[in-house]
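Taken in order, these protein sequences are the chains called L and P.
Position one of the first sequence corresponds to residue 772 (the working numbering), numbered consecutively onward.
Position one of the second sequence corresponds to residue 15 (the working numbering), numbered consecutively onward.
One should not assume that every hint holds.
Chain L side only, calculated, beta carbon under 7 Å to chain P, not exhaustive [as the list claims (entries may be wrong)]: (1) 800; (2) 804; (3) 806; (4) 880; (5) 882; (6) 884; (7) 895; (8) 956; (9) 961; (10) 967; (11) 969; (12) 1035; (13) 1052.
Per the computed footprint, the stretches of chain P lying under chain L, defined by three or more beta-carbons under 8 Å from a beta-carbon of chain L, are [what the hints assert, rightly or not]: (14) 75 to 86; (15) 152 to 164.
Keep in mind the hints are simulated off the structure, nothing from the lab.
Every residue, glycine too, gets a C-beta built ideally from N, C-alpha and C.
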Amino acid sequence: MTLYTATEEEQNLSIVPARYRGRWVMAGVVVLGVALMAYGMVTNQRFQWGTVGEYLFAAPVLAGLGNTLMLTAVSMAIGIVLGIAVAVCRLSPNPILSSAAWAYSWFFRGTPLMVQLLFWFFMAALVPKLVLGVPFGPSFFEISTNTLISPFTAAILGLSLNEGAYMGEIVRSGIRAIPVGQTEAAKAMGMTRLQTMRRVILPQAMRVIIPPTGNETIGMLKYTSLVIVIGYSELLTSVSIIYSRTFQTIPLLIVAALWYLAVTAVLSVGQYYVERHFERGFTPLKAAKALPKTAANVLLKAGLPPASSASLAMPSGSAEELEKVK
Amino acid sequence: MKEPIVRARDIRKSFGHLEVLKGISLDINAGEVACLLGPSGSGKSTFLRCMNHLEKIDGGQLWVQGERIGYRRSGNKLHELKEHETAKQRASIGMVFQQFNLFPHRTALENVIEGPTVVQRVPKEQAVEEGRQLLARVGLADKADHYPGQLSGGQQQRVAIARSLALKPSVMLFDEPTSALDPELVGEVLDVMRSLADSGMTMIVVTHEMGFAKEVGNVVHFMADGQLVESGDPHQVLEDPREPRTQAFLSKVLA
């Protein structure tokens, strides 16, 4: 049964996409602006690009960069582990555990990182020695706080404990984003709470957790510069030592900025791959979205009449259809 | 007489002040397909969820395969079981959900072998082999490596049934298994359930599919307002109900 047959003229109607002239104008403005800025930066002698090049790979700068990377990596690693622990405690049915986790987040998010770093560094003033033993009973081992707390340990303690508080909230939001049906299905299969968390909830929560964790890592890269207050040396300390001697402040700050930018670029690429890994099972939606356009284009190019390409509108939930076109 | 697979006595459950189960008692025998019918809010899904302790009961006693679910009796006290003990009981009770609840980050096959490998510690090769057989049994042998997001609703529900079967349960609970499906996909899921019933599986099915209840069910339990109103042969209950409450419901549904 045919309700309507398109005439040949109708079948040969071609589609002209809408044209937006404003977009070209805006693109032109932006390109011009960027070009002007780049020209200014290259030709302006006061940037002292020669000095920048001279110090970019200088040994003390690279040593500082190494310390920055090490501090970032170690603090983030500890911070993420702490964050998962804090999030799990926050969601625990044990009220003491969840309150303690809440209090931890409150304290470490509520005080300036710089104050925390100074506190750890000067801990000996509060607690002169650390003792390992039975509470209120005999001690087996004791050590002077000052031997234990070096600028390095104080830096790691300060940065990672602070990060743990933020990561705790990020992980918690990720866990809470997973529908309750997932937990129920896992429970009904006989999984324990720990198995459910490890096998079902966390792998899915990672999709939500990764982007803000990327933010945190990039943030941490720069927060490490705060350890200058407790005398630990990193990238920004290294360049400041040089420019306080040579008075070439601007070019050396550019050296530091270039390195921070370079590392951030590498981290962003890394984040992309980690995100892609945890997208497992969630990507087909994207494919489906891109599909109608390409499929229609293919048919149009093949010279098929528009009448048949209209039938491409997919019936809901028809996965077979989706695959065939793929 | 043989011990029933499910024995429920005076099951009570409240959510806050709302009493959703007001003392339900029934038996379900081995190999039986029992359909729980009733208007929404009648407590039938809650009752089903009590059977694997997804909901804690507030009163009454419940046994599955002679084993008391969720509690241990000593003297005059019922002690709630620890989580890992409940988990063990749940592994032998299969459950299929209205919203499928497949794990979206795992393929169909990975969903099916998750229970055996993680909960029952079956060697992976064996679990994979059995998993493929189960997928074939629900007609999805060629979809083993697809993610749930790439499957239709009906296919997802069939994978969910295979996932439950992988744990070799003694009884299967179905919580409105076809209610979230497009009408044209309901049939394929009911077909799988029908063949499961034919294989002798004990099934408790909360459903609105009167046709399925009549054709496949051995017994129908009609619930309303947290009480069991009427039980009996599906044809009798659905075609010639005795209770006015059942008559009123059926006249609305079948109208």
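These are the hints, each one checked on the structure:
1. 800: Violated, about 41 Å.
2. 804: 42 Å, violated
3. 806: 44 Å, violated
4. 880: 30 Å, violated
5. 882: Where the cut-off is 7 Å and the nearest Cβ of chain P is about 37 Å from residue 882 of chain L, the hint is violated.
6. 884: 35 Å, violated
7. 895: 44 Å, violated
8. 956: This interface hint holds because 4 Å falls under the 7 Å limit.
9. 961: Interface hint status for residue 961 of chain L: holds (3 Å vs cutoff 7 Å).
10. 967: 9 Å, violated
11. 969: Because about 9 Å separates residue 969 of chain L from the closest Cβ in chain P, which is outside the 7 Å limit, the hint is violated.
12. 1035: For residue 1035 of chain L, the interface hint is violated, since the closest Cβ of chain P sits about 29 Å away, which is over 7 Å.
13. 1052: It holds, given that the least Cβ distance between residue 1052 of chain L and chain P is near 4 Å, below 7 Å.
14. 75 to 86: Violated, because only 0 residues of the stretch 75 to 86 of chain P bring their Cβ atoms closer than 8 Å to Cβ atoms of chain L.
15. 152 to 164: Our answer is that it holds, as 5 residues pass the Cβ test (under 8 Å) against chain L, meeting three.
Hints 1, 2, 3, 4, 5, 6, 7, 10, 11, 12 and 14, counting from the list given before, are not met by this structure.
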